[in-house]
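Novice: Letter by letter, the chains look like this.
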Amino acid sequence: MSKVLETSELKKGASVDRRGALRLLGLGAVAATAGALAPMRASATPESAGLLMDKLSGSKSYKSGKVTLKTPAIAENGATVPVSVSVDSPMTDGNYVKSIHLAADQNPRPEVASFHFTPASGKAKVSTRLRLSKSQNIIAVAVMNDGSVYKASKLVKVTIGGCGG
Amino acid sequence: MAKKPRVKVPSSAKKGDVIEIKTLIPHKMETGQRKGKDGKPIPRFIINKVEVTFNGKSVVTADLHPAIAANPYFSFHARVTESGTFNFTWTDDKGGKVTTSKKINVS
Amino acid sequence: MKYRILASCAALLGLAVATMGSALAQDTEADRRAKDPRNKNYIVGEKKSGYVFMTALTRDMQDDDFANPAFTVVDVGQEQWNKVNGKAGKSCASCHNDIASMKGVANKYPQYDSSQDRMISLQHLINRHLEKDMGAKPWKWESTQMLGMVALIKSQSRGMPVNVRLDGPAKKFFEKGREFYNQRRGQMDMSCAHCHDNNYGNMARSNVLSQGQMNGFPTYRFKWQGVGSLHRRFIGCNKNIRATPYKRGSEEYTNLELYMQWRSSGLKWESPSVRN
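Protein chains in written order, with our numbering: chain H, 1 to 165; chain U, 1 to 107; chain V, 1 to 276.
In case anyone wonders, no lab produced these hints; they're calculated from the structure. Just so you know, even glycine gets a beta-carbon here, dropped at the ideal spot from N, CA and C. Do not take every clue at face value.
[As the list claims (entries may be wrong)] Example chain U residues on the side facing chain V (calculated, C-beta under 7 angstroms, incomplete):
1. Lys-4
2. Lys-8
3. Lys-22
4. Pro-26
5. Ala-70
6. Asn-71
[What the hints assert, rightly or not] So the derived list for chain V, only partly shown, Cβ under 7 angstroms to chain H, looks like this:
7. Arg-32
8. Phe-222
9. Asn-276
Same shape as in the complex, but just chain H (with noise of 0.2 angstroms):
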């Protein structure tokens, strides 16, 4: 990667206060996560959304396996986060998903969405976007007909992006 600069042509702009722009960028930073995001102070927990999903899911038990939660490790952008969520399920009229339900437990609210499923969907897998505040866990519980109730999570790492505008 060796471009040339095509000093000859640079004219030197507005001379620069070092120290003034240093402290204007601290401010700067702030003003840009102010964007169309506006990451607000994130209220909900790990806590609160162990409590919706019990709330959601009717119990306080969760088995593992069957779910697959697909998440990126790092978000491109906290704005747009795909993920999708399959359970490993035959779908029939005795066995089937009844419900998904996706949290997250670091947003400013952990419910995000809940899907429900009936034999006739075929197969239990969805996929969307989300928007991430800052890098927490996704968490995804998916409850059976019978009552049976799964859950998975995975952690995304959202950061702050250098180059808004």
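On the provided structure of chain H, position chains U and V as indicated by the hints.
Specialist: Same frame as chain H, but now just chains U and V:
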């Protein structure tokens, strides 16, 4: 301008196939967290429900919250055993609805 | 001297400046993203589309026209194309017939307008059609109708190499655009070249810096949660280095667009693309 949803359903399938359905609807999904230029919070306004039926019977229903990104995109599945019509309904916080439908030929 | 200034500006932004001759021992984020086999269609010589600097999931979103959220405004553009608008009782289709006739038009703008002795972008031309030929109201640069129409028209050139005419009267405006690109500005006293020529592939906080190519605009930016124009991006970039931005459609930005279109030439049009 009315929101025009995009829906992708295969035009044909074999009986018993499980097909993938994709939906995308333009919508800001205003979270209620943002502040306007006057410093006052912009009220929440989102699509909070998506319903998919086939020949009148429910296939999938989704309850949405502001954590769903703008221009909500979903893909789900349906097992088809006969020809018919998928109906899609998006409902917003004010009760406003947008609907569309797609036919499929199942042999 | 120049290098010290660059390094201190880099420190301000948290950039990691790659020094000449230093072989990075481990993969950078940009290296990891570069490994996608799809990228080879988005690289021409040393020129790299913004596509290759995104994550794989973002590329997935662009590759699927259905899943690409930018197409919601293209749909709006298509409706406008067929809609009768204005006192003359015409739609775009009345004169231009099928939208496919717009193939190649992306390379025709910016073009020189002798009546104003300046370069005009596609947006300027669309408004001239609206006002003078159709007797309709002009559209704002960043309105959904204008974004939709520009995205619709430019998407007809998808896959074609970017190109633009620089001969005749356009030449002096091209030079102004090139000067703008290389001019230091703002409190950070940086030019476009500092990030996009000298530091692409390096990080600005957690963003991988791209080459700032323009072949994907109008683009759906996650940051904007919507589609935006090239001039909107210029405004953002200028604000980032704490320089007073110019207006959309200004001569300064139209000249810069001309220079940048020459700079992107050879890369394929991707409008409307998906970016961070």
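Novice: The structure should be examined with respect to each hint, and the outcome stated for every one.
Specialist: Taking the hints in turn, this is what the structure says about them:
no.: 1; hint: Lys-4; result: holds (5 angstroms)
no.: 2; hint: Lys-8; result: holds (5 angstroms)
no.: 3; hint: Lys-22; result: holds (6 angstroms)
no.: 4; hint: Pro-26; result: holds (4 angstroms)
no.: 5; hint: Ala-70; result: holds (4 angstroms)
no.: 6; hint: Asn-71; result: holds (4 angstroms)
no.: 7; hint: Arg-32; result: violated (10 angstroms)
no.: 8; hint: Phe-222; result: holds (4 angstroms)
no.: 9; hint: Asn-276; result: holds (5 angstroms)
Violation of the numbered hints given earlier is confined to hint 7; every other hint is satisfied by the structure.
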